[in-house]
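S.K.: Sequence:
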Amino acid sequence: MAAGGLALLPALLVAALCAASWRAEAAIGVNWGTVSDHRAPPGVVVDLMRANRISKVKLFDADPGVLRALAGSGIQVMVGVTNGELASIAGSQAAADDWVAQNVSRYVGRGGVDIRYIAVGNEPFLTSYQGQFQSYIIPAMTNIQQSLVKANLASYIKLVVPCNADAYQSASVPSQGVFRTELTQIMTQLAAFLSSSGAPFVVNIYPFLSLYQSSDFPQDYAFFEGSTHPVVDGPNVYYNAFDGNFDTLVSALSKIGYGNLPIAIGEIGWPTEGAPSANLTAARAFNQGLINRVTSNKGTPLRPGVPPADVYLFSLLDEEGKSILPGNFERHWGIFSFDGQAKYPLNLGLGNSVLKNAKEVPYLPSRWCVANPARNLDGVSDHMKLACSMADCTTLYYGGSCYGIGEKGNVSYAFNSYYQQQKQDPKSCDFGGLGMITYLDPSMGECRFLVGVDDSKSSAVASCGGGCCGVCCGMHRPEDLPRIQRADGGGVGGQQLSPQQAWPQVTFGCCTSQQHWHAEMK
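Residue numbers (mature numbering (1 follows the signal peptide of the UniProt record, and there is no 0)): -26 to -1, 1 to 496.
One thing to keep in mind: the hints can contain errors.
Claimed, not checked - List time: in silico PhoX-like cross-link candidates among lysine-lysine, alpha-carbon distance up to 20 angstroms:
(1) Lys330 <-> Lys317
(2) Lys359 <-> Lys330
(3) Lys333 <-> Lys317
(4) Lys359 <-> Lys382
Unchecked claim - Now the in silico label distances, taken between C-beta atoms and shown as ranges:
(5) Glu199 <-> Leu351: 40 to 50 angstroms
(6) Pro400 <-> Lys124: 49 to 59 angstroms
(7) Ser430 <-> Asn326: 30 to 40 angstroms
(8) Leu338 <-> Gly279: 42 to 52 angstroms
(9) Pro400 <-> Leu351: 19 to 29 angstroms
FYI, nobody ran anything at the bench for these hints, they're computed from the structure.
Note that this is a predicted model, so its numbers are computed, not measured.
Glycine included, every Cβ here is placed at the ideal spot set by N, Cα and C.
Using the sequences and the accompanying hints, generate a full structural model.
M.R.: Shown next, in the form of structure tokens:
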């Protein structure tokens, strides 16, 4: 054997060992967002995860109440640097040192929080950001890495950058995947950084949005049971959108010299209502199919036998405070409802055959606000508009679990949503004398009239990233942006694309502009 061949042996051995370690570490985790008016105490949520043997959780910031609850739980945690914090950290080593000290060092250690990753920004390369955060990423990572070295944590905690799938694209098939031209240089730098530290490339993939945004997208291609419209790419055949999108990224990484970089899925899931294709049956089929696919270790055509490093389902809980600009479904991604009750049977592949519900949820008293049957409702429209502008009424619309409950049912649901959002303040059930408080549950069929959570027992605040947030008027947090439909409906140049052409342009919609986002928030 030539000397050059001998020299390759250690490198090949290391690569094989790394690949084996990523396979061994692969697991199903969850995203835990908190944009909700009815936030269960963090301790209840942590107990919920432990009861379901969920060992990995991804956060969108580093909320102190959430992190305190995670201490000693044994759950591996990804905390997040919000996009709004990137500039200061990129520009100052002292700012990076302070961030690590306040959000990482103070929580780790024996009996503390098992922080494994720091997400530096959240989808910072979105097209809609127009490069706003691009120049901050590598300097911020470099400074935080130095902070971790000073804290003797660099060998244990890895830095990642969750990316939206609009960072890469293909004209036709997965093997032609490339990063956007303006991102080629920074993606090469990012891949080099991740490779040197042993961290994965983190990407968010949403086949649901491909289906939602394109009438030409075959429904069966979004799931995992095979498709009548497979994509043929030379010797490889793709029967589902996830594999195709994943391998488009593999191809893009290969073209910049990092084809073997581990890949983790930062967000993936299916909503349960709010759109024709969003329902309990579809959500269960997608998530169970995904879990079975990942835990089978089959991998994809370009990475056979190598599943993603980790997969974080989006999401653990419903978040009824999120914006509905992308669609009503945006508030219904949870595998659990806001109060930790399982929405459908799901085997996470972690030891339990079904999901277990949260216990000891501090509900408000069992009382509801409904339309007063003794009053004429002719003047109710303005009251309903007020209630639904403040509280969540998305279940009343087409594709929702309360769609079709009748006019009085709609009024009662809207009144009660507002009443619970106002923590059952008696004045919030007045509505000009049209509302009344009842102690009889008005729920009907699959339409559940909620009872709120007493979150005075919760020290957590909403995870909003970016520094601007609201839970009353449908405001955004930054990770909502990729789920906002583009003005051209997806595709390239306004064209509707077939699945073969849609890698991954139809997989995600982007905010039409940041001005649109901010204008909607006002």
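S.K.: Against this structure, judge whether each hint is valid.
M.R.: So, going through the hints one by one against the coordinates:
Pair hint Lys330 plus Lys317 holds up; C-alpha atoms about 10 angstroms apart against a cutoff of 20 angstroms. Taking the CA atoms of Lys359 and Lys330, the gap is near 36 angstroms; set against the 20 angstroms cutoff, the hint is violated. A hinted pair counts as satisfied when its Cα atoms are at most 20 angstroms apart, and Lys333 with Lys317 qualifies at roughly 15 angstroms. Between the alpha carbons of Lys359 and Lys382 the distance comes to roughly 15 angstroms, so the proposed pair stays at or under 20 angstroms and holds.
Between Glu199 and Leu351, the C-beta spacing of about 46 angstroms keeps the proposed range 40 to 50 angstroms intact. For the pair Pro400 and Lys124, the beta carbons lie near 55 angstroms from each other, so the given range of 49 to 59 angstroms is met. The given range of 30 to 40 angstroms is respected by Ser430 and Asn326, whose C-beta atoms sit roughly 31 angstroms from each other. Against the hinted window of 42 to 52 angstroms, the Cβ-Cβ separation of Leu338 and Gly279 comes to about 51 angstroms, which satisfies the hint.
At roughly 20 angstroms, the beta-carbon separation of Pro400 and Leu351 lies within the given 19 to 29 angstroms, and the hint holds.
When held up to the earlier numbered hints, the structure conflicts with hint 2 and nothing else.
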